[in-house]
Amino acid sequence: MKNGLLAASRVFSAISTAALWLAGVGLVAMTSLVAYQVFMRYVINSSPSWTEAASIQIMSWFIFLGAAVGVREKFHMGFDVLLYALPDSARPWLRSVSDVAMFGFGFGMVWFGGELAIRGASVRIPVLGMPQTITYLPIVVSGALICLFVLERMTLRLAGEPVDTETTERAISEV
Amino acid sequence: QTVLRSSDTHPDGYPTVEAVKRFGELLSDKTDGRYSVEVFHSAQLGQEADTIEQTQFGVIDLNRISIGAFGTQVPAATVTQLPYIFRSTEHFHNVLDGPIGDEILAAFEAVDVIALAYYDGGARSFYNSQKPINTLADMEGMKFRVMGSDVFVDMVAALGGNATPMPYGEVYSGIQTGVIDGAENNYPSFDTAGHAEVAQYYSLNEHLMVPEVLVVSKIVWDGMTPEDQAAMREAAKESVTYQRELWAAKEVESKAAVEALGVTINEVDKAPFIEAMKPVYEKYVTDPMLQDLVARIQATEG
Amino acid sequence: MEYWVLFGVFGGLMFVGTPIAFCLGIASLATIIYLGRPPVVVFQQLNSGVSAFTLMAIPFFIFAGDLMMRGGIAARIIAFAGSIIGHVRGGLGQVNIVASTLFGGISGSAVAEAAAVGGIMIPQMKARGYGADYAVNVTSMSALIALLLPPSHNMIIYSLSGGGRISIADLFTAGIIPGLLLALVLMITAYIVARRRGYPTEPFPGFARAAQFFVISIPGLMLIAIIFGGVRSGIFTATESSCIAVIYAFLVTLLVYRSMDWSNFVHCVIGAVRTTAMVLFIIGAAASFGWLMAYMRVAPMLTEMVTQLTSDPLMVLLLINVLLLLLGTFMDMGPLIIITTPIFLPMVSSFGVDPVHFGVIMILNLGIGLNTPPLGPVQFVAAAVGKISIWAAMRSVWPFYIAGIIVLGLVTYIPALSLWLPSLFR
Ligand code: NA
Ligand code: NA
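Protein chains in written order, with the working numbering: chain A, 2 to 176; chain B, 4 to 305; chain C, 333 to 758.
Mixed in with the good hints, there may be bad ones.
[As the list claims (entries may be wrong)] Here are the simulated DMTMM-like cross-link-like pairs (lysine to aspartate or glutamate), alpha carbons at most 25 Å apart as the crow flies:
| # | chain 1 | residue 1 | chain 2 | residue 2 |
| --- | --- | --- | --- | --- |
| 1 | C | Lys458 | C | Glu534 |
| 2 | B | Lys221 | A | Glu116 |
| 3 | B | Lys24 | C | Glu534 |
| 4 | B | Lys240 | B | Asp105 |
| 5 | B | Lys221 | B | Glu241 |
| 6 | B | Lys258 | B | Glu248 |
These aren't lab readings, by the way, just hints derived from the structure by calculation.
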């Protein structure tokens, strides 16, 4: 049982890493695309009409993929005052409340993002000409990953794994 | 007592916003207060594409929107976005107030909204920071920001210019610093966006007259009694006269405002511009239904 | 009642430590369900909230900042600052501030700045007999200069939260004088404290050596000129300039300084993705939250309440400043800008305050919050680098705090400090 859980966890870890790398490729692609846009407009004097719309699509992919990875790596920012004020034994309970909330939102991303994606099938994105569905796909995929990662953590917690005690360094950012 | 929420991207006091408010008063009178309208102006509920989706899903009830924002969703409506499809304001009104206008309104039901009436959006022309545009040769190589739409991109290319994508919020500084030479819009938007401060040439080539349209969510519509539906259509039609008066006054006011900023306005011989649109028409008007519609619009008087 | 659902669910989840993005998203979802409207709108706004071209400046500037820090651009700027101002009393404190100002002109992140400048300066200052607390305090307060001097992605977040119609170029320009003013006031404060504590001076290395340091740091400093020159001469837009900053920082560290290798590059990319995803996910969720606030007409209601309290714009600004300082103690800058701008901006606008001016006030105010526990990331970084506790840093920070508050007061009540420079470009 326990070995099975840890094996599953390794698979999730691989999925998470893959999503993170994909997001990184997205960031580099977006940089190249915007640089290409400036080059074409200023040097060649012929603006490509599709670069703006395409780079927005790429950005949306890497944000939502990265956001799902953040649920697993716990780099999303929260307000942890109560966690410090209450005894350590309260921590799993508070974290469980958060996990249920996150699962609910992830589920909403899949369900309602899916509704938007389905309606979008008949609408074309101007200039790109692709169906609007692809605009909403990142939300659906990210929602599914969020649900998966939250379930993983809740299962490990129930199995007695120390998912809430490790002091992973939170990504510090004042943004 | 139902309050219908309506979206508008224009600011409070704009002709379309005021017309929808008037529509709400008329509707309230005609339904003995069963329905009233609350207008959320200034894009508070989102940009046009977002609010169309919201209306379709029944999140909001009413929406005043430019037909262009529907893109290619309603094929019959795309003809109104063709450059130079309307010859004059009179022609524009004759077409929309007649059977063709009703036919296009009816086509919106296929995308889950009921279109009630057309409002005026004026004629759009090019403005820039370099020189007055009199001929096609003047357009050569100039960078214009246009809305993200294939027709507009192809139109600028056909006129010899360079269509440049750019978020609307960056157009002011884009013209100021020279990233682009100009953009295109009607008098009121040219004025309120402040672009007249940096683009001192407004050339009346009048390439587009895109109608504004007032739509109601099909979900709301289907929940209304036939009497209330009739009252709604009536109220919408009655608000049109009011909007056209406000619009005409607004154009005069905005024209004076941009002239006060020192903008040079020039008339343009439109014949070569219209001639240059042939390839655009050939590319977009391929369907027999659209070809017939274009022919009938062109045959309408005015 | 629906107000209780929206703000109650948000506050409740926040209190138990749920990530802020999810607090915003779940509160919006609960409210729209309570209102009986289709929940799709929450996820539509989540998506359109992050689908603006202008937003790209955030990942780009974060990415560029990482490249500059890891690629040694920051270290060379500090060496240059040391050669020109080290001979003043408490010289290394002055060097720290000048280096922060120069680095702040090419980076928009106060945390990156505290890490980059503090990482090099604090150990040196300790070795030369400066108190660790002094070194930490100078570092953490002068890091805030990066927020005010362009480029500043927080100003872009502000512009977008204000509806996207506030000119980013104007905001960037408006921050310059307040940023330099903050540098000046901090230098005076650092000088006074250094005198009282009897800190040493550094020998002046001579003009030749200073010139040499200057030449070495030129490729990094050129970024200021490239961004400003590029935007002002119409080669690229303010948003695109952030992408150019990435390309430039990459080329300089790869070709000129030869300090960029594959593993460094991967670190920068992955680091930027993590930070950006976290920030922009909050921005998306805040768009849903903001949509519901608009739908429920929260802002006009609040404005009416404040109007009944006072009609004096100076009082309103004071009230908002105090409120933001309090909120800034507990919450981070980005989310606060996103959440409070749609509420406060219409309010101050109705009292006649210029949106660009208000943006500068808000950025400086929330910046000070970055140095206040319990959530003070800039102070955390500086204290961690200085190897002292937050409390040790807190005990002696007050002269620098007061300096910051004085600048905030000046910026709030003298609009010309912010608005004069942009008016020159009109
Ligand atoms: Na900066
Ligand atoms: Na704080």
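Each hint tested on the structure:
no. : hint                : verdict
1   : C:Lys458 - C:Glu534 : 14 Å, holds
2   : B:Lys221 - A:Glu116 : 17 Å, holds
3   : B:Lys24 - C:Glu534  : 71 Å, violated
4   : B:Lys240 - B:Asp105 : 12 Å, holds
5   : B:Lys221 - B:Glu241 : 21 Å, holds
6   : B:Lys258 - B:Glu248 : 16 Å, holds
The structure is inconsistent with hint 3 alone, although it conforms to all the rest.
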